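Colleague: Now for the letters of each chain:
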Amino acid sequence: MANSVAEASAALRSHAAIQDRAGQYLTFSIGPEVYGIEILKVQEIIGMMPVTKVPRSPDFVRGVINLRGKVIPVIELRKKFEMEQREDTSMTCIIVVQVATGTQSITMGIIVDEVAEVVAIAKEQIEPAPQFGAGVRTEFILGIGKIASKVVILLDVDKVLSWSELATIDEAAKEQ
Amino acid sequence: MDRDTVITRIDALAECLLLSDASDAEAFARAKKDLSEIAVWAKSDGQSDVGKILESACERIDSAHLGNGTSAASIYDLTVACLSSLQMVVRDGCSVEQAQFPRALYDAVVQEKAGDEVSTKANESTSIDRGILAEFLDHASTVFADLEPVIVAAESHPAPGAVAQIRREIHTIKAEAGFVGLGEMSGLFHAVEDAIDRAGGGTIPEGILDALDWARRHIAAIEGKGSAPGSPDELVARLREFTPVAAVVVPEEPAVIAPSTRIESDPDLMREFISEAREHLDNADVHLLTVEMNSRDSEALNAVFRAFHTIKGVSGFLGLEDIKSVAHEAENLLDKARKGEIELRGTYVDTVFDTIDMLKRMIVSVEGAVATGGLLESEPGLRQLVDHIRAVLAGKVDANMETRHASPGARKRIGEILHSQGVTNPAAVGSALAAQLQIDTMPLGEILVREIVISRSQLNHALEIQKQEGSTRKLGDILVANGMARIEDINRALAKQSTPASDPVGAMLVRAKEVAPKDVAMALRGQKQHAPIEVKEAVKVDADRLDKLIDLVGELVIAESMISQSEELASVASQHLTRQISQLDKITRELQEIGMSLRMVPVRPTFQKMSRLVRDLAKKSGKQVEFITEGEDTELDKTVVDKIGDPLVHMIRNAVDHGIEASAEERIAKGKSATGSVTLRAFHKGGNIHIEIQDDGRGLNRDSILAKARERNLIREGDQLTDREIFDLIFEPGFSTAREITDVSGRGVGMDVVRRNVESLRGQVEIQSELDKGTVFSIRLPLTLAIIDGMVIRVGDERYIIPTLSVVRSIKPDAEQIATVTDRGEMLKLQGKLIPIYRLHTLFDVSSAKTDPLDAIVLILDDEGAHVGLMVDELLGQQQIVIKSLGETMKAVRGIAGGAIMGDGTVGLIIDVGGIVRLAEVTAPARAKRAMTAA
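Residue numbers (my numbering), protein chains in the order written: chain E, 19 to 194; chain Z, 55 to 989.
Quick caveat, the hints were computed from the structure, so don't treat them as lab data.
No experiment lies behind these values; they were computed from the predicted model shown.
Please note that the accuracy of each hint is not assured.
Unchecked claim - Here are the simulated lysine to any residue pairs, SDA-like style, with alpha carbons at most 20 Å apart:
{"hint": "1", "chain 1": "E", "residue 1": "Lys88", "chain 2": "Z", "residue 2": "Thr960"}
{"hint": "2", "chain 1": "E", "residue 1": "Lys88", "chain 2": "Z", "residue 2": "Ile964"}
{"hint": "3", "chain 1": "E", "residue 1": "Lys71", "chain 2": "Z", "residue 2": "Val900"}
Said to hold, decoys possible - Heads up, incomplete: computed chain E residues facing chain Z, CB under 10 Å, no partners named:
{"hint": "4", "residue": "Pro68"}
{"hint": "5", "residue": "Lys71"}
{"hint": "6", "residue": "Pro91"}
{"hint": "7", "residue": "Thr119"}
{"hint": "8", "residue": "Thr125"}
{"hint": "9", "residue": "Met126"}
To be verified - According to the in silico footprint, chain E covers these stretches of chain Z (three or more CB under 8 Å from chain E):
{"hint": "10", "region": "893-903"}
{"hint": "11", "region": "927-941"}
Idealized CB from N, CA, C, for every residue including glycine.
Using the sequences plus the hints, can you model the full thing?
Modeller: Here it is as structure tokens:
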């Protein structure tokens with residue numbers, strides 16, 4: 019009984035959350051998949067540039083770049099999503115995003131295979147992230163957007179690039 | 055009493071209340087007396103409604119057992135509002151309705167008229183807002199829950215602190231209960247409080263817990279959760295009968311001795327107090343300067359007095375006893391001046407300035423304690439200051455004594471004098487002068503705030519009222535109507551507004567926080583005897599913009615070198631272009647130099663503070679110490695100057711306290727002059743700034759330090775250490791508790807702090823010392839913080855930058871120099887010493903780097919005096935780099951101090967030498983750091 023109430027309220031909550039998720043998304047691809055991030059989080063898109071590797075940082079951190087005099091970290095989403103590595107191509111881009119971490123926002127770059135387009139997704143087109151059971155992390159997925167026949171995985175940038183994960187850099191390094 | 059007398063009394067009372075505040079019991083007593091007498095008059099004059107309202111006000115003053123923040127403040131507001139309505143009735147002949155007496159009072163009278171005289175328990179709270187009552191009930195329940203265990207504990211082990219806490223809480227509840235109209239509860243707790251007082255802090259009277267239980271049941275009944283507990287009379291009687299078994303007389307503690315207290319008041323109230331106190335103090339600074347110039351300026355004097363008075367009052371009910379007591383002392387002094395008993399000048403003014411400074415520091419501590427929720431430490435020197443004020447008041451200190459000599463020479467302008475004394479810079483004076491020329495009229499409210507007639511929050515409140523009313527009334531009228539200001543104050547402020555005479559330069563500078571008010575006072579004294587000369591023109595610039603400019607100049611330097619060194623350009627054989635480029639190069643360098651110089655300030659003010667410190671320390675310890683400063687004009691980056699103060703204080707204190715021998719005889723016996731000397735000097739050397747503290751005292755005792763270090767397992771038995779390594783031991787954290795050190799060698803308090811602060815400025819500390827001859831502490835600091843000289847190195851495909859300051863030398867080792875020592879890894883034999891070699895490529899996990907030390911280059915780096923070798927592939931050259939933060943996400947990366955934009959636009963990483971060494975030690979824990987340096 020208690021279980022079903024909890025489930026019902028969870029469903030209700032996710033439904034309410036989806037209501038706010040309608041909006042404009044920047045879509046990009048990594049491998050065959052198409053992902054979307056809220057357009058409001060995106061600062062700019064820049065072409066690939068030489069990245070300085072930062073020693074003893076997690077492997078999904080490719081390094082740091084000079085964004086007009088400001089040093090910002092760049093994250094490799096392929097590694098973050100535990101996908102196969104591949105060489106950068108001429109289509110490889112860095113999407114510069116503003117990540118909210120508690121009180122402040124941090125500028126970061128994310129490396130993606132290819133930037134596609136900006137699409138408006140209505141709330142009817144969004145479904146909650148499917149549950150794959152334990153072991154599959156879906157908390158950084160806002161929902162699944164369906165545009166015509168395409169499926170767009172909508173990412174919660176703040177969670178994907180959670181600061182706490184980056185802050186553990188040193189800890190991870192120490193344990194080696 | 056006739057109408058005119060009443061009007062005079064009302065006015066006098068209003069003035070008295072305005073000059074006081076909610077914590078002033080005297081003012082309340084007077085208000086009560088006056089109001090009740092006026093009530094009698096009003097009734098005899100046929101204005102029975104007014105009489106009743108006033109009686110009701112008196113009752114409220116009575117019930118609001120003072121000293122409690124919330125209720126006292128609201129009663130204060132109520133009284134003031136009541137007074138202003140009373141003025142309208144008596145003076146202007148308004149009707150009771152027109153006069154708009156406070157609702158709480160007016161309603162009581164109207165209710166009485168309607169014959170509604172029922173005062174049963176259920177109705178007790180009708181005149182009070184339901185919300186306030188609910189809030190009180192909620193608060194009281196929490197307090198009772200917190201209090202119970204304290205009382206239980208205190209009953210078995212009475213502790214003065216616990217009893218004081220209980221008393222405080224009970225007092226608060228009592229006052230609040232009275233305020234919300236719960237008369238029985240208030241009475242009960244009044245009895246409890248009395249009983250505690252009679253117990254004298256020794257024992258806890260029985261029946262407190264019963265009283266709590268009664269109050270709980272009462273609250274529950276009000277909330278509708280049970281039946282009313284009946285009358286508390288029996289409890290009250292029991293408490294009245296209470297007599298302490300063995301009353302322990304607690305000696306009256308001087309208010310200032312409270313080493314640390316926890317701040318218990320509402321953080322919001324605290325924050326408001328902090329910001330208002332700051333503003334009051336800043337204004338007091340300026341007004342005090344006016345007094346310094348003309349001790350007969352009673353307006354300015356009153357403004358200073360009001361500032362202290364307000365701070366005293368507010369701090370009192372926020373429980374900030376230290377602040378209250380020191381403000382109180384200063385207030386006494388100012389009161390004497392107000393009454394004309396003393397003329398406020400010389401030492402008097404200095405003392406008040408000192409008090410303002412002390413209060414400012416205390417406010418900072420309070421702010422810290424509020425922010426962290428930590429304990430409020432008692433401010434050092436508070437006791438002395440209070441004693442000093444008392445001594446000054448008692449006439450034990452000569453009022454005409456000058457604490458500092460005014461600068462000699464021709465009559466100068468105030469800004470010039472201040473600049474020549476190094477307390478300000480031409481830029482600041484210039485901007486003050488510029489501001490003086492702006493004859494902007496200030497808004498009325500702003501003038502009143504500056505004159506400390508009203509507080510900022512009162513102003514905001516009045517403006518709010520104005521806004522709500524659709525600005526039909528003038529601000530002045532609102533302030534007067536709400537009892538926040540007197541008509542006279544408003545008129546004076548209006549007069550001031552219409553003749554915009556700007557503040558003198560000194561006052562402007564103080565307002566702009568450029569100089570200490572005391573310095574201006576000194577300069578003013580000096581000025582009185584001299585004649586004027588010209589002031590250099592200067593502009594005041596926002597520090598952020600300055601930093602931005604310096605950043606940009608740094609970028610420009612890089613961009614310029616990228617162009618001038620580009621290969622494409624080199625292939626263009628044009629003499630014309632070459633000449634233009636070299637011109638660009640020259641201009642860029644000049645721009646860089648000027649940019650750097652913008653942030654530079656002389657160390658003189660810092661040194662001057664030290665001279666005061668030496669004087670005080672010498673006096674305290676009864677030693678004769680001569681303090682010599684050299685190179686006060688040496689300029690340092692502003693950040694460095696700000697941060698170097700603390701380490702200097704520690705080192706100077708060590709030099710005077712422990713370095714210089716305790717007695718003149720001891721010195722003479724050693725063949726030294728009776729007077730000890732401490733020298734503080736600053737100079738440039740090799741692109742760095744050096745600051746040295748030299749004393750001719752006892753010197754460091756090697757053997758004692760070694761013994762201590764062995765005891766603490768910092769070194770091993772049989773380790774051979776150089777003098778420098780031994781002296782470095784005193785920087786070890788915890789090596790420096792005063793007792794141990796006084797016995798050992800007289801060094802070390804806070805030395806750990808010294809080293810950390812200096813290192814955070816990318817500087818280094820060294821000690822030279824000879825037993826019985828003296829000690830020299832040398833601090834080496836980089837010229838500037840934003841730009842450093844870096845050595846660019848390559849490891850595999852990666853480039854890193856090592857601060858040149860840390861690089862001792864680089865060598866290409868040959869096979870004989872490399873040795874592998876068991877448990878210690880690779881070592882480099884250099885000049886008879888073994889230095890550990892760390893491989894940068896392993897530490898940073900760089901592939902394709904050289905793995906054979908014989909092919910590589912070993913950089914000898916200096917880490918806190920110890921040498922380590924870092925194996926790299928190649929040195930690429932030296933260059934100046936602008937340090938960039940790697941941002942929040944990357945700041946925790948070990949071994950990396952920051953980033954820099956390289957010539958090709960990519961980011962280069964700057965190596966943190968200390969971090970690298972610690973990283974290497976973590977990865978190879980077997981290597982004890984001390985062990986490496988053994989021969």
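Colleague: Decide, hint by hint, whether the structure agrees.
Modeller: How the hints compare with the structure:
| no. | hint | verdict |
| --- | --- | --- |
| 1 | Lys88(E) with Thr960(Z) | 11 Å, holds |
| 2 | Lys88(E) with Ile964(Z) | 15 Å, holds |
| 3 | Lys71(E) with Val900(Z) | 10 Å, holds |
| 4 | Pro68 | 5 Å, holds |
| 5 | Lys71 | 6 Å, holds |
| 6 | Pro91 | 5 Å, holds |
| 7 | Thr119 | 7 Å, holds |
| 8 | Thr125 | 8 Å, holds |
| 9 | Met126 | 7 Å, holds |
| 10 | 893-903 | holds (count 4) |
| 11 | 927-941 | holds (count 4) |
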